[in-house]
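*Asks:* Protein sequences appear in the order of chains A and B.
Count along the first sequence from 1, add 1, and you get the number used in this note's numbering.
Count along the second sequence from 1, add 9, and you get the number used in this note's numbering.
Hints in this document: simulated from the structure, not taken from any laboratory.
Just to be clear, a hint being listed does not mean it is correct.
Computed beta-carbon distance windows for the label pairs [said to hold, decoys possible]: (1) A:V18 <-> B:T580: 28 to 34 Å; (2) B:M497 <-> A:Y71: 32 to 38 Å; (3) B:E138 <-> A:P91: 21 to 27 Å.
With a straight-line cut-off of 35 Å between C-alpha atoms, the simulated DSBU-like cross-links for lysine-lysine are [unchecked claim]: (4) A:K98 <-> B:K570; (5) B:K350 <-> B:K234; (6) A:K23 <-> B:K193; (7) B:K582 <-> A:K23; (8) B:K350 <-> B:K262; (9) B:K467 <-> B:K500; (10) B:K275 <-> B:K350; (11) B:K350 <-> B:K570; (12) B:K500 <-> A:K98; (13) A:K106 <-> B:K193; (14) A:K81 <-> B:K467; (15) B:K479 <-> B:K570; (16) A:K85 <-> B:K570; (17) A:K106 <-> B:K500; (18) B:K491 <-> A:K81; (19) B:K467 <-> B:K234.
Cβ coordinates follow ideal geometry from the N, Cα and C atoms, glycine included.
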Amino acid sequence: MKSCNSDCCVPCEADIVAIVDKCGRTECNLIPILHELQRSFGYISDEAMETVAAELGITVSQVHGTATFYTLLYTRPQGKNIIKICDSPPCHLQGSKAIQAAITKALGIEPGETTLDGNFTFEVVSCMGLCGVAPAIMVNDDVYGNLTAEAIPEILDKYAACSCCCGEGC
Amino acid sequence: MDNINVSIDGIQVSIPKGSTVLDAARAAGIYIPTLCHMDGHKPLGACRVCLVEIEGGRGALQASCSFPAADGMVVRTNSRRVHNARKAVVELMLSAHRQDCNACNRTLNCELQDIAKRLGIRENRFEGEMPPRIMDTSSPSIVRDSSKCILCRRCVEVCQNVQTVGTLFAVDRGFDTVIAPTAKKELTEAVCVACGQCVLACPVGALYEKSHIDRVWEAIDDPDKHVIVQTAPAVRVAIGEEFGLPAGSRVTKKMVAGLRRIGFDKVFDTDFTADLTILEEGTEFLGRLKNNGTLPMLTSCSPGWINFIEYFYPELLPNLSTCKSPQQMFGALAKTYYAEKMGVKPEDIYSVSIMPCTAKKLEAGREEMSVVNGLHDVDAVLTTREAAQMMREAGVDFVNLPDEPFDEPLGIATGAAVIFGATGGVMEAALRTVYEVVTGETLENVNFEAVRGLEGVKEAVVKIGDIEAKVAVASGLSNARKLMDLIMEGKADYHFIEIMCCPGGCLGGGGQPIPTNDEVRKARMEAIYAEDEGLPIRKSHENPAIRTLYEEFLGEPNSHKAHQLLHTHYTPKALWPTDVPLDEVKTK
Numbered sequence: 002m003k004s005c006n007s008d009c010c011v012p013c014e015a016d017i018v019a020i021v022d023k024c025g026r027t028e029c030n031l032i033p034i035l036h037e038l039q040r041s042f043g044y045i046s047d048e049a050m051e052t053v054a055a056e057l058g059i060t061v062s063q064v065h066g067t068a069t070f071y072t073l074l075y076t077r078p079q080g081k082n083i084i085k086i087c088d089s090p091p092c093h094l095q096g097s098k099a100i101q102a103a104i105t106k107a108l109g110i111e112p113g114e115t116t117l118d119g120n121f122t123f124e125v126v127s128c129m130g131l132c133g134v135a136p137a138i139m140v141n142d143d144v145y146g147n148l149t150a151e152a153i154p155e156i157l158d159k160y161a162a163c164s165c166c167c168g169e170g171c
Numbered sequence: 010m011d012n013i014n015v016s017i018d019g020i021q022v023s024i025p026k027g028s029t030v031l032d033a034a035r036a037a038g039i040y041i042p043t044l045c046h047m048d049g050h051k052p053l054g055a056c057r058v059c060l061v062e063i064e065g066g067r068g069a070l071q072a073s074c075s076f077p078a079a080d081g082m083v084v085r086t087n088s089r090r091v092h093n094a095r096k097a098v099v100e101l102m103l104s105a106h107r108q109d110c111n112a113c114n115r116t117l118n119c120e121l122q123d124i125a126k127r128l129g130i131r132e133n134r135f136e137g138e139m140p141p142r143i144m145d146t147s148s149p150s151i152v153r154d155s156s157k158c159i160l161c162r163r164c165v166e167v168c169q170n171v172q173t174v175g176t177l178f179a180v181d182r183g184f185d186t187v188i189a190p191t192a193k194k195e196l197t198e199a200v201c202v203a204c205g206q207c208v209l210a211c212p213v214g215a216l217y218e219k220s221h222i223d224r225v226w227e228a229i230d231d232p233d234k235h236v237i238v239q240t241a242p243a244v245r246v247a248i249g250e251e252f253g254l255p256a257g258s259r260v261t262k263k264m265v266a267g268l269r270r271i272g273f274d275k276v277f278d279t280d281f282t283a284d285l286t287i288l289e290e291g292t293e294f295l296g297r298l299k300n301n302g303t304l305p306m307l308t309s310c311s312p313g314w315i316n317f318i319e320y321f322y323p324e325l326l327p328n329l330s331t332c333k334s335p336q337q338m339f340g341a342l343a344k345t346y347y348a349e350k351m352g353v354k355p356e357d358i359y360s361v362s363i364m365p366c367t368a369k370k371l372e373a374g375r376e377e378m379s380v381v382n383g384l385h386d387v388d389a390v391l392t393t394r395e396a397a398q399m400m401r402e403a404g405v406d407f408v409n410l411p412d413e414p415f416d417e418p419l420g421i422a423t424g425a426a427v428i429f430g431a432t433g434g435v436m437e438a439a440l441r442t443v444y445e446v447v448t449g450e451t452l453e454n455v456n457f458e459a460v461r462g463l464e465g466v467k468e469a470v471v472k473i474g475d476i477e478a479k480v481a482v483a484s485g486l487s488n489a490r491k492l493m494d495l496i497m498e499g500k501a502d503y504h505f506i507e508i509m510c511c512p513g514g515c516l517g518g519g520g521q522p523i524p525t526n527d528e529v530r531k532a533r534m535e536a537i538y539a540e541d542e543g544l545p546i547r548k549s550h551e552n553p554a555i556r557t558l559y560e561e562f563l564g565e566p567n568s569h570k571a572h573q574l575l576h577t578h579y580t581p582k583a584l585w586p587t588d589v590p591l592d593e594v595k596t597k
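Only chain B is shown next, with the shape it has when bound in the complex (with noise of 0.2 Å):
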């Protein structure tokens, strides 16, 4: 490709024509502040905290995050003139924020903050009227605080073409504007699939999830609840990042010490029923091919999705696993199975679950999801983030914490059962058990490459004994819809797809430390691996705890007491009050 030369404070880069003048900075090793700018976005230009000085020019300072750059440019980023243009910006966009950082759960990780350091901004130079303040804390999953929003329109991006669910959009002009659902409706009123990407993506505080960490600690500090934690397979790969360790160390048994000295009686893994899933959903995927059942199967572990696929894909309900996601199987059997083995009442259980995910907080919620008495299976939803705090409430050194493993049998898990924490990864564990159970032969080389990698969808065609299986993996609702399109337009001759709301899958998650970009989604995604790798056992089928469970407790895969406590049903639900009447899209 035809390079380009820039000169930037006297810098001289060369660049790949079409780069931006802010691409020509970062060659040349310059910082320039941005808030409305996502690194593989097309430039948004809200913000104008990028501005930068182009000599020759008509003189107007430029937003280098939208200005192309131009062979024989001359830039400057560190003039007078531009620090002040600037630090304006910045002081006209804090006149409009509620300022109350030591009570924001940003403070400290806020880029609006770091960037009014950096300018050296240390007074309110405008202070007026503040624009009306919206809490929405309809969501069971997301808080949306207007107050704290910049307008920068990062969530509007993905939510509207990243996740194409469109919930978020400026409403209104100027001063008035908000960002906010259609007609400034609360989040439970308009379609949202409490993903969590918005928090991912908003600078400041004006996004972030409902918090359970009161009522955690109200349980753990109440002597007569038992009070037992799952951990899912992302969270690992990535909560040392909360405690300045590089995105993708692996501190599994750190965390496991951690959760420990937060005060937590058993501390489990949802990998277990990561794997338990495998049994279910392997069983119930080779059923529906030897029965003609509704094909392709579509993976169910991901509550983003399911609420995505009620919302606009009703018609496809019935090509939906049945089975719960593993968070959901872990609740049910914390207060059957597990009870029962404990001698513990279910009621005395009180059962936590740390998640990578927002939307896990709504999924938790829904009232299928008790299978014991009204009791919650999952009384308590923390993202990755909300952990970390209450580890940091509780005093806990996580660096120095020593390695401590998990708690028997509810902590016994596979490799098979830790890489569902990225995306393809439940389809390449699901691959290695089918494969096994339909040939009888061993599986020498499990790692099925194909269905790896950060990218949006991914196919594959697997020889399993006479079937040869046809399987796609998307992640990303955009991606979602691209292969749901697929299977409406009768194009798609896929057995079985996998499909993870968040792109890169729940490593990716709505509930995972912030930044998350694909630098480190791609380090996360490593660090699975490596923790696939480093196991003894890789196959789901052959973790003793899992057989263990069927012998003493549910008989076998797909067992009516299995079906009962380990699969659900799912309800189509209106995109707007005229649409077509819910009774005509119910399931065929």
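The shape of chain A in the complex, shown without the other chains (with noise of 0.2 Å):
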């Protein structure tokens, strides 16, 4: 395991015991520990996943194979902003299809990936409750209902990276 460096993002083995002992150090708080991993990391790592099962006394097949039973958790780096669409029935039915080809045209990643710059992840979700506005989608925690394809660039250019000089994409 690495150690603490001046790398925020890379979660260190002392974060991470942080976050078990939080979390209680005890096999059923796992999902819970694996949710404010990724609330503190953007996902799951399989360094976190060795040092959580070694600090909890289960195999790291165990670990593994629980956050990867779980959609909503993400054991590789993740966009800075993810795109989630539904695709249960009502949106389905309310033409769910033409917006997921609308956010592939205008990202040019499929429901799976993530741009090359690190921006967007765009995935196909189960209902997120939404069906009042279908079709709709999520980028991060904000709703968008009642879509057409062509609303697309313009919701996706609020999340666009900065393109200034500075590099943070600020």
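Dock the two chains into a complex; use the hints.
*Replies:* What follows is the structure, encoded as structure tokens:
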């Protein structure tokens, strides 16, 4: 395990142990621990899973198997912004496929992929409880409903990576 | 204990409180199909094949393997509704199961096939997309074929809880689910000890041994090769099961005859080098006792155990006996002592072993297991199942074979060697010899009952002259782990510990006939001790062929030559790449 360095996005072992202690050092707290890791670091890294396994006295395969079971837990780095499109029957009937195609056209990525600049991850999910405004998407915690394909570019523009010279993605 | 009364298909049964509906049905003599259930393990409830109807409940069918039986409960197991539901469950499984049954190594011994037949499935009702096939042939011991897997998780249960190795687990969800090492790695990239307990647990053909059958036929068909075979102690009490004989049938001499029919030039016995192991390991043990060497000494016969300690307890490698396993001692002698004696060039000898084990395949391929010019000491390793398959292919009518003896001299062995096949056997064999060597007295009762039996951890204190030797025996890696943790915590004052990777010892090895369960293990164990009782010599140091070997070739136990040929070294292995650098855990 790497030790803590200036790169704040890389969880160090002490951070992970602190999360384990905060949630409670027992096997049944595995899911809260995974949630907390994702909240802190954006995803759950292999190293984090190994540390959690060692701390809880369970196997790495068990932690990994649990993390990969839940679609809302990420085991790989995700884009800065996560676009979720619902394809459950209400959204599907209201034309979610056309919305999906518009997003793919705008960003050049298929569901399950991340843009090269790391700005967007696109995924298809099950019902988000937004059937009343189907078809719907969420970008991070923002909801967009009653969508048409034409509305997509403008929405995505709000989250576009900064193209100024600072290189910070501001 | 309190009993409860349950009615199953109109049959009244009285069963202990805490039983499941499946237990009740079995008590009533009623068959309920199961796939994920394993006796002696907590219910998994994964496969849903064991559905039954419970009167007065919420109306849903229940999985009998996990549904608690209650007093006064009325259960139906044979209604049309139950039958149709079970059938649909199995049909859905079949829709994602590669059905090339004739080409499957589990054909006619497949639990899914058996249940499909019992349920009268005659067509594939649901045909559609199949999950992508993952064929993992990376391991020298075990093959994984995800296209056969029915996701019952029996392999997960044994890998995680019986062996505590934790290689296999369910990855991903729903249609994408695969049972695989972490991150769907291949077995060789993951931590796998190659024990093959997953193979025994698998109800279908999703996990099986890497076959060496073709290479053995090739060697037998090569007129320039002198092909010899050695047979491990546990094979002779199990191979009969492959031909329909009851578990525990003693078929040693039929097995020898069968191997001759296949075409081996000489049929020898791993028991010969099991006796040799006792001389080498016993001498090493006495040396450690006398010279304040590292104790407790740990046995080193079981290659799955060796893999386990290299991964999980590298700090304890100095405790491990340096003796090679009997298979590898035999291989080393085959290409030196035997080659010289026969006047055959080592490269013309093809050395095969029949093992109850899958990890032996990995062991034979370890690079340190070569004593002559980079040749493998053991060229091919067949499991008990593969040996039986070769006999079938050769048209051997096993049950009606005559009794034939092993070839000499590498087929001469004692009862002490036979019991290597059962947990506690190596310890007992060692005690028989160490006692007589130390005290100079004849051991009247050679049976050390305290180290026998299927119990996971056994202990005994044996008075050998002035020494009160404290010994322990464990089989199954979860039990081995308990003892290793005690040593690590400084709480173990044992002198000598025997560890066998597989529950019950080699008789329950991953290469043995399927099914292997506790009932079968017990029967094989009784047969092992009966073999021992039936042999004229029951102490390794009294084996005349071993005496000759030392006189003619090795000198004395632990001699320089013995060390060169019969002893080895171990290598710590990293659990995962980010773990402590290996240099830091190198042996003390």
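*Asks:* State for each hint whether it applies.
*Replies:* Structure-based check of all given hints:
no.	hint	result
1	A:V18 <-> B:T580: 28 to 34 Å	holds, 30 Å
2	B:M497 <-> A:Y71: 32 to 38 Å	holds, 35 Å
3	B:E138 <-> A:P91: 21 to 27 Å	holds, 24 Å
4	A:K98 <-> B:K570	violated, 75 Å
5	B:K350 <-> B:K234	holds, 16 Å
6	A:K23 <-> B:K193	holds, 30 Å
7	B:K582 <-> A:K23	holds, 33 Å
8	B:K350 <-> B:K262	holds, 25 Å
9	B:K467 <-> B:K500	holds, 16 Å
10	B:K275 <-> B:K350	holds, 14 Å
11	B:K350 <-> B:K570	holds, 17 Å
12	B:K500 <-> A:K98	violated, 65 Å
13	A:K106 <-> B:K193	holds, 31 Å
14	A:K81 <-> B:K467	violated, 57 Å
15	B:K479 <-> B:K570	holds, 31 Å
16	A:K85 <-> B:K570	violated, 70 Å
17	A:K106 <-> B:K500	violated, 66 Å
18	B:K491 <-> A:K81	violated, 46 Å
19	B:K467 <-> B:K234	violated, 45 Å
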